[in-house]
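First to last, the protein sequences are chains A and B. For the first sequence, this note's numbering assigns the number 79 to the initial residue and increments by one for each residue that follows. For the second sequence, this note's numbering assigns the number 79 to the initial residue and increments by one for each residue that follows.
Please note that the accuracy of each hint is not assured.
All copies of an identical chain are treated as equivalent in the list; a pair is satisfied when it fits inside any one copy or across any two copies.
In the DSS-like style, the derived pairs of lysine-lysine whose C-alpha atoms are separated by at most 30 Å in a straight line are [said to hold, decoys possible]:
id : residue 1 : residue 2
1  : Lys222    : Lys208
2  : Lys405    : Lys389
3  : Lys389    : Lys260
4  : Lys222    : Lys350
5  : Lys222    : Lys389
6  : Lys269    : Lys389
7  : Lys80     : Lys389
8  : Lys303    : Lys260
Don't read these hints as lab results, they were simulated from the structure. These numbers come from a predicted model, not from an experiment.
Number of protein chains: 2
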Amino acid sequence: MKILTTLPKNDGYAMPAEFEKHYGCVMIWPERADSWAFGAVAARRAFVQVAAAIARSEKVIMLCSFEQYDTAREMLPDHIRVVEMSTDDSWARDVCPTFVKNASGQIRGIDWGFNAWGGLEDGLYFPWDKDNKVARKLCDLLEKDTYDAREFILEGGSIHSDGEGTVLVTESCLLSAGRNPKLSKEEIQEKLKDYLGAEKILWLPCGIYLDETNEHVDNICAFVKPGEVVLAWTDDTKDPQYKMSKACLAYLEQQTDAKGRKIVVHKLPLPKPVYMQEEECEGLLHFQGEPTRREGERLAASYVNFYIANKAVVLPGFQDENDEVAKKILEKLFPGREVIQIDARDILIGGGNIHCITQQIPVFAGSDCEDNRTCEIGNGW
Amino acid sequence: MKILTTLPKNDGYAMPAEFEKHYGCVMIWPERADSWAFGAVAARRAFVQVAAAIARSEKVIMLCSFEQYDTAREMLPDHIRVVEMSTDDSWARDVCPTFVKNASGQIRGIDWGFNAWGGLEDGLYFPWDKDNKVARKLCDLLEKDTYDAREFILEGGSIHSDGEGTVLVTESCLLSAGRNPKLSKEEIQEKLKDYLGAEKILWLPCGIYLDETNEHVDNICAFVKPGEVVLAWTDDTKDPQYKMSKACLAYLEQQTDAKGRKIVVHKLPLPKPVYMQEEECEGLLHFQGEPTRREGERLAASYVNFYIANKAVVLPGFQDENDEVAKKILEKLFPGREVIQIDARDILIGGGNIHCITQQIPVFAGSDCEDNRTCEIGNGW
């Protein structure tokens, strides 16, 4: 693995869209007792369901600690690889590399700086040194060269690419005080263009209410194809989310993408607000002397936090009447893919959802699933 | 990765010889402070030299702890993969899987039981749980199925295969009280045949004097081609090794291999006895209240502990007049390979040598170096 200090854009590399073909997906086994309630038992089951759903149409690598290997190996289907790696928690989207690809189909990983969503300013845990080493080590594991972008703090959940030069972000996250406070918006925009090989950055003002990542874009808005997005939506004017979603819609209606297209916005309804229950709070270890979550705390539940696998969309469910509505909308928007809905409350409690716990690896020249054969191992699951 | 409880022989799998073509080699980064003197600094340098020499003609994967990743990555050539894995020490030969191969070129790994060369009877450290998980985890990493042979205690250094049905072992090791005391010699022999796909086991009586592995075969005798071995030798009748090597020679002269061939024995002279020096002992942490090694302790130095890479033989050197003699003998015996000699005192202090810190992965159907192209990355090193 070469550690590169050049810029992907100058090298002819750009970030593919998630709906483009994957080699596979990386996930991280849940373990941290202040994130995952009751010894992470329920979270493990939910992660297994997500991994198995993704593994129907692409490879899955599950990273886990030394201590958890045997349990992970036992609980996961054979065709999912379990690989030891030290991490601080289970947010593969945010700690794994963002992969970029060139015209010959070669891929490289970007090793962003990671500071637990805000560092000493408003980060969510300390320390985060293990997480911050995951991206580079995963590139080494996959025998891919890696761009050293550690000076720039960014998480995979804060960017979405359409694969045609346009990248979606939120101002609330990328301009937060805990990430790159010394860089101006323009400087951050240039970094994004240079690393993601993008031409245009679309800056949504905000994300989902109380989303503790400073409102990652991947919880509020996602590309479903170039020029088209889904936007998390509520018609309840009393919900603080109403104004936030409306502001995003207003912004998107005024924008064109890198190709000059107007953005088509599909509203994806939110579930009714989801709150922490007393007994869930009791299942979590305290963090630095404080309860991690409190009874009645609203969680940032959103259907937008889905993962697009090669032949499926893996969608969170909240035992809400909109579960079915969201599923139908996505079935229409992803005609070639099965929408697999997984009850995600046990993931949500940890602070994110299905998109947050996954990171795609684009298919690459010479990969053993380029012809779509070995990618399909395990259809039985 | 499937965990198999069948027997390789019944499945059509057998252990190739080390001189057959490799996909690559696994090593483990040295760290343990009661094995490697003075913070393992000199050991790391020696391991890097060995890895780089092997990487001239095949892939190398270096396993290392979370803590050592950055140092290993910095010290090793780019084209060597560094992969996190927890271990108890650095003896890849003994803790990594033994790979077996079928007629279609597929490979599987055998996950032997590992108890630190003798468990509570006369094992060399405690605990050994991390080491005992390496084989299975490495198979998972390589996406190879694994045979569960954990009930049978065996190390890779205690077997040598000629790839044509004959396996070399030592009685001193395989019949030791700390390994499989409930099994008879005949039962152990059947296990070896079943797992290694062998027809005939050749039982040398012993190995190298004071070899703390209960005299692994890989320090005294190795196949250089089917029907031909090198045997560690001394003509010094006062050296306790004299009788031991002579007993092995006498045994071999009476034997034929699985194909009915008489065994051709090439004597490989030993270096003059190598002893621990006072300052080396001072560089080692104590183990369980005792010095790990004592001044004047004789180390089991032997030129037989070489590694056969695709285009090289990586041979230990001891700054002894026989360094050059051994090199010349091996150059003659391995005409298609360069003999690369590496000063190995800093490895020897740890208790083994170049063969002990390496484990080959045979080339397999579909591997990206089957055509010998990518295997040759890094000829510059």
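Hint by hint, here is what the structure shows:
1. Lys222 <-> Lys208: So Lys222 and Lys208 pass the 30 Å test inside a copy (20 Å) and across (27 Å) alike.
2. Lys405 <-> Lys389: Within one copy only: 15 Å inside a chain, 57 Å across chains, cut-off 30 Å.
3. Lys389 <-> Lys260: Neither way: Lys389 and Lys260 sit 42 Å apart in one copy and 53 Å across, limit 30 Å.
4. Lys222 <-> Lys350: neither (43 Å within a copy, 46 Å between copies)
5. Lys222 <-> Lys389: both (25 Å within a copy, 25 Å between copies)
6. Lys269 <-> Lys389: neither (32 Å within a copy, 45 Å between copies)
7. Lys80 <-> Lys389: Answer is between: at 24 Å across copies they meet the 30 Å cutoff, but 32 Å inside does not.
8. Lys303 <-> Lys260: For Lys303 and Lys260, the Cα distance exceeds 30 Å both inside one copy (34 Å) and across copies (65 Å).
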